[in-house]
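Asks: Based on the sequences and whatever the hints tell you, model everything.
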Amino acid sequence: MTLKTSNNNLYIFIASIVIIVLLVVFHIAGITKPIEGYIKAALSPMQSYFYDKTKSVSEFFGLIVSIRDLESENNKLKSKVQELYVERSKMKQLENENKTLRDQLGFVKENKEILISSYIVEKDPSNLYASFGIDKGEKDGVDKGMPVIVADGILVGQIYEASDYNSTVILTIDSRSKINAEIIDSGATGIVSGEHNLAIIMDLIPQNKVIKKGDLVTTSGLGEKFPKDLLIGEVESVANADNELFQKARIKPLINFQDLKIVFVVKN
Amino acid sequence: MKRLVLIILLFLAVIIQTAVFPNVSVWGIFPELFLVIVVSFCLLENYLEACIWSVAGGFMLDLFSAKSFGLSAISLIATVLVIYLISFSLEFGKVYSKILLAGIASLTYYITLIIFSVLFDLMKLSDNLLHINWRIILIVAASTAINSILIIVIFPLIGYFNEWLIRVEKKLETRLL
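These protein sequences, in sequence, are chains A and B.
Following numbering that gives the first Met the number 0, the numbering of the first sequence begins with 0 at its first residue and continues without gaps.
Following numbering that gives the first Met the number 0, the numbering of the second sequence begins with 0 at its first residue and continues without gaps.
Since the hints were derived computationally from the structure, they do not count as laboratory data.
Check the hints yourself; a few may be wrong.
Selected chain B positions facing chain A (in silico; Cβ < 10 Å) [as the list claims (entries may be wrong)]:
#1 S24
#2 Y46
#3 L60
#4 F63
#5 S67
#6 L70
#7 V79
#8 I85
#9 F87
Yeah, the Cβ is synthetic: ideal placement off N, Cα and C, and Gly gets one too.
Replies: Here it is in structure tokens:
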């Protein structure tokens, strides 16, 4: 390598670093936001098309791989269905009881949630982060911090960033996700947060509450950021030390985040 | 013409990285296409293209990610710089040396990403600090291996593209003269 080309390369590196610094400053100042929005909007249809096609292919190959596990999975599901039948009958009784009580009290549900359905068009391009992009943005009523769920009312995450026509969603396993939660059976409340894109941890649970493995965890509605009763997951393990003020529980998500295709943004 | 082709390829690479690779991942781990492209240009000693792909590609990646804006671009340019410094003392003619370089580049990329996520957090530019744990180490190791394999496929393609770029530049020069 000659001295001239070596010097040229040095100038290229310096120019690149200057451009990066300028672009970061412009981004923080919000100057580049419209351009970023246009780029995202322009690529979104193609991303959606390719995401959908490759998802179908990966699902097909996933099905072939999972065929050998189908029998054991089927048996597990059969026993789970039986459990759910019992649970459903109990729920039905409670629902009726609840309805009667509500009627007697003249209670009217105040906050009606509006759901904005959206397709997942892309996933985080880096292996070290877990987020995804959806095809709805500020023009559709999506705003930062809004909860994102799947059809069954299971919480997936929240809006991290919204541009005009697209938004980025961070999952409940993301370290930045902090949600007021409640354990259904015991009524214990606490804060659910993500643990380095790996797991969900529920902290600040009072010591006097009894928590069992398998207990369902929902949003508590405190803080009014998230509506009440959105399912977050089930208790996987509990860390309970006598010298600690609070208990801590590891929560298992009820859905596989990799399998998602359509999600709903909850607009209050 | 040259830059138009570059923009089209850049957009195509973004679509592959964000919409195709996550669905063909192995245990959730997929290759870093932009990193492999940048390493390929470095192997061809075309540092201008490597820097263009680092800056433009890095920002495109950050646009579609929930990480701090600028992290990918900084990590890619740091990787180019490391390869440039290594190139003074090592030759990369053989296939195994290209694979080795892709491995070193991947490690440099991820280490820079982690260091700058800490720096951005300290400077209050970000709230998404990357903590080093067994999962991160596993991802970095697996991704390094995948990227090293991908260079065997990508490098020849970038080679053809680079030759085309040189031909276009020569044509332009002769026209201007």
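Asks: Each hint needs a verdict: does it hold in this structure or not?
Replies: For each hint, the structure was consulted:
{"no.": "1", "hint": "S24", "in the structure": "8 Å, holds"}
{"no.": "2", "hint": "Y46", "in the structure": "5 Å, holds"}
{"no.": "3", "hint": "L60", "in the structure": "5 Å, holds"}
{"no.": "4", "hint": "F63", "in the structure": "6 Å, holds"}
{"no.": "5", "hint": "S67", "in the structure": "9 Å, holds"}
{"no.": "6", "hint": "L70", "in the structure": "9 Å, holds"}
{"no.": "7", "hint": "V79", "in the structure": "7 Å, holds"}
{"no.": "8", "hint": "I85", "in the structure": "13 Å, violated"}
{"no.": "9", "hint": "F87", "in the structure": "7 Å, holds"}
Checked against the numbered hints listed earlier, the structure breaks hint 8 alone; every other hint is satisfied.
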